[in-house]
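Engineer: Keeping their order, the protein sequence lines are chains Y and X. FYI, in my numbering the residues of the first sequence are 424 to 877. FYI, in my numbering the residues of the second sequence are 2 to 530.
Treat the hints as calculated values from the structure; they're not laboratory data. Predicted, not measured: the structure shown is a model, and the values here were computed from it. Just so you know, even glycine gets a beta-carbon here, dropped at the ideal spot from N, CA and C. Where hints are given, some of them may not hold.
Here chain Y is said to cover these stretches of chain X; the calculated rule only asks that three of the stretch's residues, wherever they fall, bring their Cβ under 8 Å from a Cβ of chain Y [stated by the list, open to error]: (1) 11 to 19; (2) 48 to 55; (3) 69 to 75; (4) 86 to 100; (5) 104 to 110; (6) 137 to 147.
Some chain X residues close to chain Y (C-beta under 10 Å, calculated; not the full set) [claimed, not checked]: (7) 41; (8) 45; (9) 127; (10) 350; (11) 461.
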Amino acid sequence: MLDLTPKELSERSALRINPLKTCQPVGAMYAALGVHACMPHSHGSQGCCSFHRMFLTRHFKDPAIASSSSFTEGASVFGGGSNLKTAIKNIFDIYDPEIIAVHTTCLSETIGDDLVGYINDAKIPEGKIVVHTNTPSYVGSHITGYYNMITGFIKYLAEATGEKNNKLALFPGFVNPGDMREMKRLMTLMGVEYIMLPDTSGVMDAPMTGSYNMYPKGGTTISDIKDLGNCELTLALGELTSEFPADFLEKKCKVPYKTLPLPIGVENTDAFIMALNHFSKNEVPYAIEEERGQLMDILLDSHQYTYNKSVAIYGDPDTVLGMAQICMEMGMIPKYLVTGTPGKIFEQKAKILFEKFGLEGCIAKSAADLFELHQWIKNDSVDLLIGGTHGKYIARAEDIPLVRVGFPIIDRYVHSYMPIVGYKGAIRLAELILNALMDRQDRDCEDEDMEMVM
Amino acid sequence: MDSREKVLDKYSSKVYKNRKEHVITIEEGEPNVIQADTRAIPGIMTNRGCCYAGCKGVVLSPLKDVAIITHGPIGCGYYTWGTRRHKAKGDENTKSFGEYCFSTDMQETDIVFGGEKKLKKAIKEVVDIFNPNCIMICSTCPVGLIGDDIHAVAAEAEELYGIKIIAFSCEGYKGVSQSGGHHIANNGLMKSIIGTGDAEPMKYSVNLLGEYNIGGDGWETERILKRIGYNIVSIMTGDGSYAELKNAHTADLNLVQCHRSINYIAEMMKTKYGIEWLKVNFIGIEGIKKTLRDIALFFNDPQLIARTETVIAEEEEEITEGMDYYKTRLEGKTAAIYVGGSRTHHYINLLKTLGVEVVLAGYEFGHRDDYEGRDVLPSIKLDADSKNVESITVEKDPENFKSFLTPERLEELKNAGVPIEVYNGLWSDINDNAVITDDYNHFETEEFLKLLKPDIFFSGIKDKFIIQKSGVPSRQLHSYDYAGPYAGFRGALNFAKDITMAIYAPAWNLIQAPWKSTPTLEGSLGGTE
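Construct the entire structure; sequences and hints are all you get.
Structural biologist: Encoded structure:
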């Protein structure tokens with residue numbers, strides 16, 4: 424497994440090996456799936472759309488619907504205007520969504536297609552909406568595409584009518600439907616009225632009923648997106664993912680915002696609950712206090728199995744930072760934190776975390792790849808890996824347990840239904856991490872050291 | 002109205018006009034003409050992918066000892082990393098790159114100023130770290146648009162590093178589907194690799210073309226062929242390698258499994274080296290038996306013919322009891338089957354053996370010859386999209402040209418029904434009244450599901466869960482749902498087991514919640530007590 428990876432590090436400036444990011448459009452597609460009765464539309468050649476649908480379907484094990492402008496060579500030369508026009512007509516005719524959310528691709532970006540012009544010229548049925556965002560694949564990553572699409576919805580739809588709605592606008596970060604459900608549950612428990620964009624719960628974790636519905640019950644409604652402009656405050660969870668649209672909403676509709684880390688782990692969830700408390704002025708209910716207490720109980724009961732264990736965490740920037748936080752709360756050492764998404768802020772945030780917990784010698788790197796992480800591990804190994812499916816080769820090559828967290832997880836089931844955020848999510852993470860480490864101890868120990876009670 | 006008309010009727014006139022040529026009902030005694038390999042309609046949720054997917058993803062990726070650099074932004078390389086189940090195994094002499102994904106991860110500056118410099122650097126970095134014998138470069142959409150000359154970069158690097166470096170201009174917008182990419186990959190392999198080796202010819206040697214070793218299919222096929230006594234020179238391309246492919250021209254016979262993706266190489270090798278190609282099918286017991294007997298007839302060695310019968314008998318014996326059992330579970334079921342460009346056809350005989358009738362079928366990117374047979378080829382007019390995909394011609398190679406068969410023997414075999422340079426397409430096995438949908442889309446899937454109510458639907462990952470959410474079991478026939486192999490006799494049994502499992506999974510009977518069919522309120526009416 425990965426036998427060709429040498430231990431010796433070498434400088435690379437052109438070659439990406441085993442990437443830790445993918446391109447913008449897939450993030451845009453995921454965001455658009457979190458809007459109710461929305462058809463994500465990929466303006467490019469049909470391979471992009473196919474790859475992205477395939478990829479999302481593999482992660483969620485649920486249909487990821489989207490359409491394509493199906494560029495051929497002709498469209499690539501003469502522009503994709505007529506393809507988009509035809510596509511819009513056909514989509515409304517055949518699939519009848521409320522809204523089409525167009526994102527671009529490296530193809531349509533390179534030829535400089537004018538999406539605003541095309542959409543203005545398109546025949547859009549009465550009451551239906553078409554929005555767009557630019558997602559050049561050669562800038563940023565899927566995280567960039569995700570927040571660009573959220574921003575696109577706001578740009579086209581959010582309005583400040585002058586009358587506040589007393590609601591909280593919540594940008595959940597690049598998380599699973601299970602996480603979005605947990606955020607909503609916590610907000611409801613805190614008595615906070617909210618608008619969450621996007622909301623893929625009820626879409627990408629839609630129930631089996633025996634009859635297929637192209638537009639399941641979930642997703643942020645168009646009227647709610649419009650109403651975002653009237654919110655009192657935005658909470659942008661996951662600073663590297665959600666600040667961009669929050670900032671845009673502030674500029675457009677004067678909704679002030681506050682950024683917070685993804686609520687992964689004790690302190691990050693505390694910060695989220697405190698922000699909700701501050702917003703609603705409602706006391707924190709016992710139900711939440713109880714969950715927090717349970718989490719603290721678990722972390723203390725089990726600390727001996729995690730204390731000083733070293734871990735490498737890879738994936739999307741906010742998820743990695745959140746996972747680093749909870750690992751440190753469990754007494755672990757996050758020796759390597761890597762993300763494929765470019766941006767030095769990731770490294771700065773990681774450094775602050777290391778300092779907060781008094782850790783030295785931990786490395787954080789953005790715009791990194793799994794090949795490099797593997798080389799680091801070959802030189803100085805870790806006790807645990809945390810991240811998505813693509814790390815499984817390293818886990819096998821180096822015989823390190825892997826806890827699957829984040830995106831994408833294309834080789835396991837159920838993960839997208841379960842939260843990693845909130846105290847409940849932290850309890851789940853504690854169980855996953857403890858099981859991985861303790862199963863390993865059981866597997867590796869001598870017969871005479873096998874513990875019945877642990 | 003029949004099912005076909007009911008579905009088409011819902012389209013706007015423009016879409017109707019296009020789709021009515023692609024959706025037909027098979028009628029006995031009719032020519033059953035279908036339209037295929039034309040542009041997908043924008044906005045229609047086609048299941049098709051792109052040229053890059055066909056070239057890099059399908060044909061080239063399985064070559065295990067080749068480091069393939071995707072030249073473009075990160076996505077395309079990322080999506081084709083480890084996601085197609087072309088199993089491969091390296092050894093001490095073969096570096097296996099299957100676990101690696103290489104990309105130039107082009108950034109905005111590369112798009113603006115050109116990406117050649119970065120590509121050159123990336124090649125150098127691959128050579129420095131991995132020192133492979135062969136590097137391939139596959140371009141993605143923007144590369145063609147900004148005009149990077151990847152072929153010049155490849156030629157220069159080949160000279161510089163003394164290893165084989167081949168470029169493929171397989172930008173996603175070329176052609177109308179993955180199919181264009183297969184063709185481009187075929188051209189490159191033919192131009193730059195096949196025929197460059199100097200291995201000694203082997204007796205009874207074959208190449209296995211269009212076998213990508215999904216789920217280990219190629220290994221199972223190889224096991225059977227070796228049992229009989231054939232020597233396999235190369236497999237194109239599942240668990241194949243640059244090293245083997247170089248010597249492909251030394252084989253006596255080309256066996257073509259996936260006609261769609263590799264018939265170009267088969268044809269060109271016939272012209273250049275005189276090697277006959279035989280359409281084979283290692284899926285389904287009837288398919289395999291015919292194929293093994295055809296191959297034996299080709300070589301016409303009494304020992305091989307006898308050995309073939311022994312192997313067939315032994316292999317069949319091993320699975321008969323199991324197959325008989327699964328047939329009792331499956332007899333009378335109906336199926337829909339939509340896969341790439343050949344696979345749909347391959348499975349029909351296997352389903353028949355199990356008593357399953359195909360009521361709905363089609364290809365994602367097949368051409369008319371994949372449906373109607375190669376006889377239709379001369380009547381297919383090339384459109385602008387087909388012309389945009391490079392087509393090359395080859396000349397006879399006098400040094401390496403050989404004919405295994407005498408013209409008389411060739412004629413004799415053809416008359417005996419051995420499909421040498423012959424492929425009769427899906428029509429040869431499909432039953433009457435089946436609905437055929439070319440380049441099927443989401444809408445048609447949903448509608449035909451309701452109208453034809455198949456018991457099982459074979460398709461891919463994008464529609465799998467749409468189908469299952471409609472209450473119909475679905476198995477992926479691109480990836481075998483991470484199981485397999487399905488080729489060979491043992492594979493047939495795996496297949497039977499897997500579809501029985503899909504249909505009889507206990508959870509199917511639990512979908513309906515009890516309160517949906519039982520009144521919630523119990524008790525008596527007010528005032529009666």
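Engineer: Does each hint hold? Answer for all of them.
Structural biologist: Evaluated hints:
no.	hint	verdict
1	11 to 19	holds (count 4)
2	48 to 55	holds (count 7)
3	69 to 75	holds (count 4)
4	86 to 100	holds (count 5)
5	104 to 110	holds (count 6)
6	137 to 147	holds (count 6)
7	41	holds, 5 Å
8	45	holds, 6 Å
9	127	holds, 6 Å
10	350	violated, 29 Å
11	461	holds, 8 Å
Against the hints set out earlier in the document, a violation occurs for number 10 only.
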